[in-house]
Amino acid sequence: MARISLQGVEHCYGDRRVLAIPAFELEPGSVAAVVGPNGAGKSTLLRLLACLEVPTRGTVRLDGRPLARPHDWRRARQRVTLVEQRPLLFPGSVAENLAYALALHGLRGRAAAERSARALDRLAIGSLRDRDARRLSEGEVQKVAVARALALQPDVLLLDEPASAADPASTGLLYRVLAEERGRGAALCFASHQLEDAYRWSDRVVALAGGELAPVTPANLFRVDIPPGTGPRTVRAGPLTLQVYTERTGPAIIALPPEDIVVSTAPLHSSARNEFRGRVRSISEDGRGGVTLTVDVGVDLVVRLTHAALADLGLTLGSAVVLSIKTMAVRVF
Amino acid sequence: MDFFTDGLRRGAELIFSGDAEVFGTTWLSLKVALLATLIACALGVPAGFVLGTTRFFGRRAVITTLNTLLAFPTVVVGLLIWGLLARRGPLGRFGLLYTWPAIVLAEVVLAVPIAAALTAAAVQAVDPRVRRTALTLGAGPWQAHWAVARQARFSLMSGVVVAFGRVLAEVGAAMIVGGNIRYHTRTLTTAVALATSQGDFGLAMALGLLLLGLALTVNVLLQLFQGRGAD
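As given, the protein sequences belong to chains A and B, one line each in that order.
Note that numbering that gives the first Met the number 0 has the first sequence beginning at 0, numbered continuously upward.
Note that numbering that gives the first Met the number 0 has the second sequence beginning at 0, numbered continuously upward.
Don't read these hints as lab results, they were simulated from the structure.
Ideal Cβ placement from N, Cα and C applies to all residues, glycine included.
Warning: the hint list may mix true and false statements.
[Unchecked claim] Pair by pair, the computed Cβ-Cβ distance ranges are:
{"#": "1", "chain 1": "B", "residue 1": "Asn66", "chain 2": "A", "residue 2": "Gly91", "range": "32 to 40 Å"}
{"#": "2", "chain 1": "A", "residue 1": "Gly91", "chain 2": "B", "residue 2": "Arg54", "range": "28 to 36 Å"}
{"#": "3", "chain 1": "A", "residue 1": "Gly184", "chain 2": "B", "residue 2": "Arg54", "range": "34 to 42 Å"}
{"#": "4", "chain 1": "B", "residue 1": "Arg86", "chain 2": "A", "residue 2": "Arg15", "range": "52 to 60 Å"}
{"#": "5", "chain 1": "A", "residue 1": "Thr305", "chain 2": "B", "residue 2": "Arg149", "range": "48 to 56 Å"}
{"#": "6", "chain 1": "B", "residue 1": "Gly57", "chain 2": "A", "residue 2": "Arg15", "range": "19 to 27 Å"}
{"#": "7", "chain 1": "A", "residue 1": "Thr58", "chain 2": "B", "residue 2": "Phe224", "range": "46 to 54 Å"}
[As the list claims (entries may be wrong)] Covered by chain B, according to a simulated footprint, are these stretches of chain A (three or more residues, beta-carbon under 8 Å):
{"#": "8", "stretch": "73-81"}
{"#": "9", "stretch": "98-110"}
Put together the whole structure using the sequences plus the hints.
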């Protein structure tokens, strides 16, 4: 059974509908990632899951039971916690911030101190324990807020862009710690605009666009098996053979960013090591002032380009094209 | 200038001689002001809190009304309360007119809008993340309100002091509903007005200095409180 679920949920601010979700569930022991551009409704979705706002329409269920009375929402918030994108720490030390949260759950004294120390240590920020919360950097505030949430051992842990202010090393540690939370049966969900993070650290990626769930087709994604070695390697992605550059080996996901693919009508003499011949299958406005082409190269690849470039090349449906992409531009995660 | 220095000298003499009437008047002023502030805050602070934290139909109208009441002429309040308490008025049978509780009542009416409006402004100024964060950490509604109040405590305290200041310095309403009766309803402000009209500049000066001293003491106490909190 889902730990927490939304059914037929719509949420409005005034007359403006910001979210419409027919069904959404978080399973115990799983990590879901919500991706989407700014304003897609990611934060609103997390606030509804955090039981901070009551949806305008629809039902929120925790362990299958619908939340109806104010008391239900309050009880739910004892089991669900959210780390906001710009989290707030209360005045006082880092330790006091964790102690406050634990006290709200009836934990005080030694038990609370041990829990808070363990949470800080897991994120390698034990040294911040006695620091004044108002004198921390943005990245440190984010980590302390995550530690504060971890200390509560919630059944549902929600995080809004948890690594937006973190350096790559901290990001890795943060997501590894979050992945460990699966082990105790927690349901996790994080919002991110980094597709790499979403794919790398979650079991399931959900895309939001304009407040609605969108089918996740982040363009040009392939599951591949990267052969042993370092540096440039050749991988098979469906019918394509291409070169990637990575330190990783084994199963991975690669993406060919639609903006980084070069379209030409003849092969180029260039630095791009990956070249595919195909035909234009569709041309459409991308809604952001550019054009999206779908090119059949044995598999459909999505390419973004400008109106001017499209006109220059004189492309129409069925035109033969060559797509090129540099080894270094192929994203591996 | 002699006129001034003579007044000041006589004022100081009256204060340091421990004149019973002067101290009685001071005590009454303090009692009325403290009690009225206490009651006004007990009513106005929770009302302001609700106003500042919840959205409901007509909220803007209530805030506009409150802000207008901040500038309500004190003599008009005095007049209205006089009408209520006068023997023929709705509350006439309680015989409160020309007693010190009548002054407290008038001052409460004056101070409630201050307490409510300043509280609403103070809690509205608190980062909305404070309440949300407390709630996401498992706080109940009261604990979340408390978290907001803690963040707004200095502004809330300033509101209390402003209310106390208005009540302490008020003269019109106190004169109308209290009647400025010697030993009974004569407060520092009404006494200053009377002494001045009688030409007893020294007495007026002594009472004025005491009034200033009271206001100063309360503000210094607040400064100390804020200073400690800010560390």
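Hints not upheld, ascending by number: The structure breaks none of the hints.
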